[in-house]
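2 protein chains.
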Amino acid sequence: MRRVAVAGVGMTKFGPSEKSQVEMFAEAAMEAINGSNIKPRDIQALFMGNVLGDFTEGQMNIAPMCASELGFSPGTPASKMEGACASASVAIRDAFMWVASGYYDVVLVGGTERCTVMGTPLATRTFAMASDSRYEGFSGITFPGVFAMVAHLYAKKYGIPLAKLKERMALVAVKNHKNGTMNPLAQFQKEITVEKVLSGFVVADPLQLLDCCPFSDGAAAMVLASEEMVKKMTDKPVYILGAAQGSSGPLYRQKDITRIMAREASAAQAYRMAGLTPADIDVCELHDCFTIAEIVASEGLGFFEPGKGSEAIERGETAIGGRIAINPSGGLKAKGHPIGATGAAQGYEIVKQLRGECGGRQVEGAKTGITDTLGGDLATIVNIIYGI
Amino acid sequence: MRRVAVAGVGMTKFGPSEKSQVEMFAEAAMEAINGSNIKPRDIQALFMGNVLGDFTEGQMNIAPMCASELGFSPGTPASKMEGACASASVAIRDAFMWVASGYYDVVLVGGTERCTVMGTPLATRTFAMASDSRYEGFSGITFPGVFAMVAHLYAKKYGIPLAKLKERMALVAVKNHKNGTMNPLAQFQKEITVEKVLSGFVVADPLQLLDCCPFSDGAAAMVLASEEMVKKMTDKPVYILGAAQGSSGPLYRQKDITRIMAREASAAQAYRMAGLTPADIDVCELHDCFTIAEIVASEGLGFFEPGKGSEAIERGETAIGGRIAINPSGGLKAKGHPIGATGAAQGYEIVKQLRGECGGRQVEGAKTGITDTLGGDLATIVNIIYGI
Numbered sequence: 002m003r004r005v006a007v008a009g010v011g012m013t014k015f016g017p018s019e020k021s022q023v024e025m026f027a028e029a030a031m032e033a034i035n036g037s038n039i040k041p042r043d044i045q046a047l048f049m050g051n052v053l054g055d056f057t058e059g060q061m062n063i064a065p066m067c068a069s070e071l072g073f074s075p076g077t078p079a080s081k082m083e084g085a086c087a088s089a090s091v092a093i094r095d096a097f098m099w100v101a102s103g104y105y106d107v108v109l110v111g112g113t114e115r116c117t118v119m120g121t122p123l124a125t126r127t128f129a130m131a132s133d134s135r136y137e138g139f140s141g142i143t144f145p146g147v148f149a150m151v152a153h154l155y156a157k158k159y160g161i162p163l164a165k166l167k168e169r170m171a172l173v174a175v176k177n178h179k180n181g182t183m184n185p186l187a188q189f190q191k192e193i194t195v196e197k198v199l200s201g202f203v204v205a206d207p208l209q210l211l212d213c214c215p216f217s218d219g220a221a222a223m224v225l226a227s228e229e230m231v232k233k234m235t236d237k238p239v240y241i242l243g244a245a246q247g248s249s250g251p252l253y254r255q256k257d258i259t260r261i262m263a264r265e266a267s268a269a270q271a272y273r274m275a276g277l278t279p280a281d282i283d284v285c286e287l288h289d290c291f292t293i294a295e296i297v298a299s300e301g302l303g304f305f306e307p308g309k310g311s312e313a314i315e316r317g318e319t320a321i322g323g324r325i326a327i328n329p330s331g332g333l334k335a336k337g338h339p340i341g342a343t344g345a346a347q348g349y350e351i352v353k354q355l356r357g358e359c360g361g362r363q364v365e366g367a368k369t370g371i372t373d374t375l376g377g378d379l380a381t382i383v384n385i386i387y388g389i
Numbered sequence: 002m003r004r005v006a007v008a009g010v011g012m013t014k015f016g017p018s019e020k021s022q023v024e025m026f027a028e029a030a031m032e033a034i035n036g037s038n039i040k041p042r043d044i045q046a047l048f049m050g051n052v053l054g055d056f057t058e059g060q061m062n063i064a065p066m067c068a069s070e071l072g073f074s075p076g077t078p079a080s081k082m083e084g085a086c087a088s089a090s091v092a093i094r095d096a097f098m099w100v101a102s103g104y105y106d107v108v109l110v111g112g113t114e115r116c117t118v119m120g121t122p123l124a125t126r127t128f129a130m131a132s133d134s135r136y137e138g139f140s141g142i143t144f145p146g147v148f149a150m151v152a153h154l155y156a157k158k159y160g161i162p163l164a165k166l167k168e169r170m171a172l173v174a175v176k177n178h179k180n181g182t183m184n185p186l187a188q189f190q191k192e193i194t195v196e197k198v199l200s201g202f203v204v205a206d207p208l209q210l211l212d213c214c215p216f217s218d219g220a221a222a223m224v225l226a227s228e229e230m231v232k233k234m235t236d237k238p239v240y241i242l243g244a245a246q247g248s249s250g251p252l253y254r255q256k257d258i259t260r261i262m263a264r265e266a267s268a269a270q271a272y273r274m275a276g277l278t279p280a281d282i283d284v285c286e287l288h289d290c291f292t293i294a295e296i297v298a299s300e301g302l303g304f305f306e307p308g309k310g311s312e313a314i315e316r317g318e319t320a321i322g323g324r325i326a327i328n329p330s331g332g333l334k335a336k337g338h339p340i341g342a343t344g345a346a347q348g349y350e351i352v353k354q355l356r357g358e359c360g361g362r363q364v365e366g367a368k369t370g371i372t373d374t375l376g377g378d379l380a381t382i383v384n385i386i387y388g389i
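First to last, the protein sequences are chains A and B.
According to my numbering, the first sequence is numbered sequentially starting from 2.
According to my numbering, the second sequence is numbered sequentially starting from 2.
One or more hints might be untrue.
[Said to hold, decoys possible] Only pairs whose alpha carbons sit at most 20 Å apart, straight line, appear in this in silico DMTMM-like list of lysine to aspartate or glutamate:
#, chain 1, residue 1, chain 2, residue 2
1, B, K165, B, D206
2, B, K20, A, E137
3, A, K309, A, D257
4, A, K368, A, D257
5, A, K20, B, E137
6, A, K237, A, E32
Hints listed in this document are in silico derivations from the structure and should not be mistaken for laboratory results.
It should be emphasised that the depicted structure is a prediction, and the values quoted were computed from it without experimental measurement.
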């Protein structure tokens with residue numbers, strides 16, 4: 002297995018867009034290709050995530066459409082992965098293997114999604130399709146409902162008064178919005194306060210409006226290359242040190258939804274592959290679809306003991322400059338969450354951080370980073386570890 | 002790169018089913034797992050195709066649901082590929098690489114789809130989403146329309162009177178229905194005549210009802226293993242000798258829709274990888290979504306010169322016992338076409354043929370076989386070459 006590196010990265014501004022998914026992807030992809038000092042014809046294969054293109058634009062089989070938009074030859078395979086909100090990360094792990102194996106030297110990977118055209122009711126219904134449809138989805142469970150349950154169970158299990166947990170959850174939103182103000186590509190560019198979070202309308206008790214990430218449009222892309230090739234493409238290569246994926250299936254198979262089995266399995270694999278421990282990681286982009294999701298993910302990734310994640314927020318340990326900077330990009334919460342693109346946008350941020358190109362939100366001296374992407378209600382987790 | 006083999010295979014009966022997509026997949030998968038003399042816990046990763054699970058059952062992110070149904074551990078990655086009707090073949094090629102690279106020793110691959118629950122109007126609308134949605138889909142183009150154009154252009158280009166071409170197209174349907182009567186898993190189990198095809202109602206001129214494959218439900222699966230492992234699993238391993246994929250994008254990028262650029266690129270790659278030529282192939286399962294599609298595919302795969310495929314049908318060269326047996330399973334036309342499962346069902350048939358387990362439809366002495374799967378209106382092609 003060869004070492005695999007990221008050469009160039011690209012990303013659109015997140016938020017409502019008038020562009021089609023193919024156009025957004027082409028924009029992000031051309032930035033990644035240009036940043037790799039290559040031409041589109043140098044790309045040997047495309048792997049990408051997309052989830053709801055059929056519902057939003059009537060576009061299935063979007064990968065060859067994107068390949069065509071970029072002018073790739075008919076001999077260039079273009080594959081789409083769908084793993085709900087983890088789709089782009091599934092694609093990154095897969096693309097990694099095609100280069101690591103020695104089969105390809107240079108591939109394009111990423112994701113694109115347009116959620117805002119659906120409106121909230123249809124978006125909510127279609128997102129809920131990532132739940133088990135036989136026994137759970139039709140009962141009315143939606144993702145805010147799942148994470149509301151996680152919050153209640155977390156408070157109960159660890160003996161944290163719900164009001165205290167809600168304040169700490171609010172601090173996650175405050176931190177990520179603050180980070181977002183320093184990210185010109187973030188959907189939200191304004192700071193918020195704990196008071197504002199706690200006075201928002203209730204989405205699914207105890208989650209209030211600002212505990213929830215928005216619906217977003219956007220795309221992100223990366224060029225992956227073999228170690229030999231990347232040296233000709235950039236003087237700032239970022240290596241993929243670990244790539245792992247886990248799957249838990251329906252909620253009814255979970256023993257304890259405050260600890261996601263797929264994440265613990267996936268993170269352990271990724272750290273083992275990279276030869277690193279959580280203490281070695283400088284920066285993390287994780288799946289904060291809801292504020293409580295960031296807290297449980299920070300524990301699942303091994304940064305804090307189970308039950309200790311919410312205290313860590315309060316102590317500022319996850320802020321930029323803290324013990325482990327979490328979601329310096331603003332996260333799903335403030336940067337936005339175009340679901341099929343999210344994993345690639347997380348990778349974009351880590352690569353930019355490790356290159357020292359993040360301006361006001363730069364995590365000083367960052368040399369290693371991890372992404373964590375969740376698909377469905379705890380069903381799919383992908384973790385990628387990057388390093389320089 | 003290591004050699005990769007198929008250990009066990011499984012397939013449900015195709016046709017309308019009361020089972021869910023997850024249940025059908027589990028049925029096919031358990032047959033493949035049992036046939037490999039292993040337990041579900043021995044599977045290290047799952048790769049599968051599914052296309053319309055969200056429309057038909059409200060089920061996205063189906064791969065971890067299938068992994069859960071089969072009892073796989075949370076550390077077992079489960080990934081879904083969507084490449085329209087080629088989805089399962091995209092998954093097979095991908096799974097192949099994960100074993101060839103040395104990363105996994107034993108993986109499960111396949112596909113599942115339930116089309117009949119939608120009814121023809123919704124099925125037609127959703128299938129059409131695999132066309133380019135920006136410039137083509139909304140104009141009203143559907144797949145029967147695309148292949149009707151292919152037929153007209155083919156007749157014109159090669160100077161074949163349309164009535165003569167229609168007769169030869171009808172012979173494709175007659176052959177595949179005859180083959181289907183010898184396949185207990187085929188959706189249609191009755192022979193038809195040229196007269197019956199030519200008296201069917203017109204779907205999209207010149208295509209009549211029996212020129213078109215049906216909507217189907219079904220699933221198929223295969224266990225792939227490294228050469229070292231497969232020897233412990235079965236005494237009838239079938240090797241994957243070549244695996245290639247091409248992509249053409251929207252119709253407007255095609256120069257000549259009677260010759261699909263993605264297929265010519267993909268087939269050339271697959272033959273090169275296998276070190277074989279079309280003349281070396283004994284049996285072929287190709288994408289006969291319409292009768293004319295079989296004719297152009299038989300040429301694109303190099304069995305006949307462009308423009309000569311329809312004469313070959315007339316001479317019986319593609320029948321079982323002919324020069325190159327095409328679609329001995331009955332093909333999409335008679336076996337059925339549960340879109341996300343089709344590529345795996347083609348692989349199932351080739352493996353069964355190479356093992357000599359096909360009874361009345363056995364291609365005597367078959368040692369090599371190729372599958373050809375088309376996704377979208379000419380957008381994605383995957384070719385897999387198998388051998389013993």
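20 Å limit on alpha-carbon distance, applied to hinted pair K20/B and E137/A: 17 Å, holds
Pair hint outcome, K165/B versus D206/B [Cα-Cα no greater than 20 Å]: 14 Å, holds
Given hint E137/B paired with K20/A - CA-CA distance at most 20 Å: 17 Å, holds
Proposed proximity, E32/A with K237/A (alpha carbon, max 20 Å): 16 Å, holds
Hinted pair K368/A and D257/A, Cα distance within 20 Å: 33 Å, violated
Given hint D257/A paired with K309/A - CA-CA distance at most 20 Å: 16 Å, holds
In this structure, only the earlier hint numbered 4 is contradicted, and the remaining ones agree with it.
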